[in-house]
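Chains as they are written, first to last, in the numbering used here: chain A, 1 to 151; chain B, 1 to 316.
Rather than coming from a laboratory, the hints here were simulated on the basis of the structure. Given the structure is predicted, the values throughout are model-derived calculations rather than measurements. Note that the Cβ used here is the ideal one computed from N, Cα and C, for glycine as well. Fair warning: there could be bad hints in the mix.
[To be verified] Covered stretches of chain B (chain A as the covering partner; in silico rule of three or more C-beta atoms under 8 Å from a C-beta of chain A):
hint, stretch
1, 231-242
2, 247-261
[Claimed, not checked] Derived contacts from chain A toward chain B, CB cut-off under 7 Å, selection only:
hint, residue
3, Val9
4, Thr28
5, Gln40
6, Leu41
7, Val42
8, Thr44
9, Lys69
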Amino acid sequence: MNSIHIQIVTPERTLLDTEVDSITCTTTLGQVTILPGHVQLVSTLIPGELVVRMSKETKTLHVGGGMLKVSANSEVVILADAAEHIGEIDEQRAAEALARAEERLASEQLGDREYAATTALLERNLARLRIVRKHAHRRKASISGEGVLEE
Amino acid sequence: MPGTQELTRRIKSVKSTRKVTRAMQMVSASKMRKSQSQALASRSYAELASGLIASLKSPQELDIPLLKQFPDAQKIGVVVISTNKGLVGSFNVNLLLQLKDLESQWLSSKNGRSVDVIVVGKKVSEAATRMRKQVIADFPKSDGGEQVTGVYAIAAQIVHMYESGEYANIYIVYNHFVSTLTQKAVVKQLLPFSEGTGYRVQGTEVQLASATKRAMDSGLTPKPYTLNPVEYTFEPSPELVINHLVPRILESQLYQALLESDASEHSSRMIMMKNATDSAGDLIADLTLTFNQMRQNKITTELSEITAGKIALEGQ
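Model the full structure from these sequences, guided by the hints.
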């Protein structure tokens, strides 16, 4: 039992269904890292970063809230409201969406449901931007690497 | 016997009808592909979500309205998901048959007094009014692809109904997508959560409907989940987590039903239009044959008349 089987699903698609070494994600109570043999746990996720580590590579994803379930035999299920791989995040679009959400919250009279939806949108896009900016230097490095090869 | 002119006119009209049905077939085919892949992609979410509630610890210990049961209630609620447009064969008729079945079963049981219907989509809304059902809510169905947000209002209505304690069960009736050629109208129990609620992969939905039926026959109290003895740790607290989870599961069930219904609708319409196009082709071939025979007859008659005339002239 040296690895964890993880499934990350959203209503639209399945993002990941594979064996990994560890998972780090953000729950309502803060960041948790799940290693093989973790106690059985059910928790709620807030918008934020999710990192899965495999023997050779590390994958970073954005999860926009949802549920986390760790069951026996180190099987992890993440039911995300929305999720994407880091490469799929469009920084400019996230920034625009964030600005729109901020504007709506500041100016308009919103009903309870709309307010909640807009706040959720705000948090999701904030998380997206945070993740993209945090990993920005890695992307640049890979681009310069391509340049070296060309020479 | 119609004349040749009449026949050419009919052939022309059938040809233009075929053009229309073929165009509709193409449109439905492209919509079908999209909605099918969407329905299949979200199946794993719906499945895992209902699996999650199954594995939780005894919900009776917690004060959560949606996990309570009301065996003495006299009403049931039924959500029926139909289409906005026709030309889908027996799609909507099957739904109404299932609804009728469910209704007669409930009304003949000991507590059964009345059945409240929630309709989604124009077709069933019209039919329900015609059949004088008690329609308590009528939700529009979007034609351009389903969004998760579309089910929030329906879910809120169901939660509100169930929490009032007047309803013993809430069911959903929709067309389950099995394959492009087969769609099956199914009845599924939404609330209270029971084994019948659990989402099953394709092929077993017949069983699923009959499981619900069997449960209904035996006094209308479906067996609650046999609870997993293994305890889960809840963070931050069981109440918070389950309160967050239960509406999600309801929403995902509804969303999945909408997607399945969408996929079934487009598949069924595609097949209907394909049949129409094919039979238009048959009809055209048939009419053309008659037309040619008639024309040939006319030519033969004319020729023999000319020859007869010629022979008569030569004889003089």
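For each hint, the structure was consulted:
Only residues whose beta carbon comes within less than 8 Å of a beta carbon in chain A count, and the stretch 231-242 of chain B has 8; three or more means the coverage holds. Figure legend: the stretch 247-261 of chain B, annotated as covered by chain A; annotation consistent (3 residues with Cβ-Cβ distances under 8 Å, at least 3 required). Because the closest C-beta pair between valine 9 (chain A) and chain B is about 5 Å apart, less than 7 Å, the hint holds. Contact between threonine 28 (chain A) and chain B, as hinted, is supported at the beta carbon level, the nearest pair being about 6 Å apart and thus within 7 Å.
Hint on glutamine 40 (chain A) holds. Least Cβ distance to chain B is approximately 5 Å, under the 7 Å limit. Below 7 Å, beta-carbon pairs count as interface contacts, and leucine 41 (chain A) has one with chain B at about 5 Å; its hint therefore holds. Hint status for valine 42 (chain A): holds, given a least beta-carbon distance of 5 Å to chain B, under 7 Å. Because the smallest distance between the Cβ of threonine 44 (chain A) and any Cβ of chain B comes to about 5 Å, under 7 Å, the interface hint for this residue holds.
Here the hint on lysine 69 (chain A) is kept, as its CB sits about 6 Å from the closest CB of chain B, short of 7 Å.
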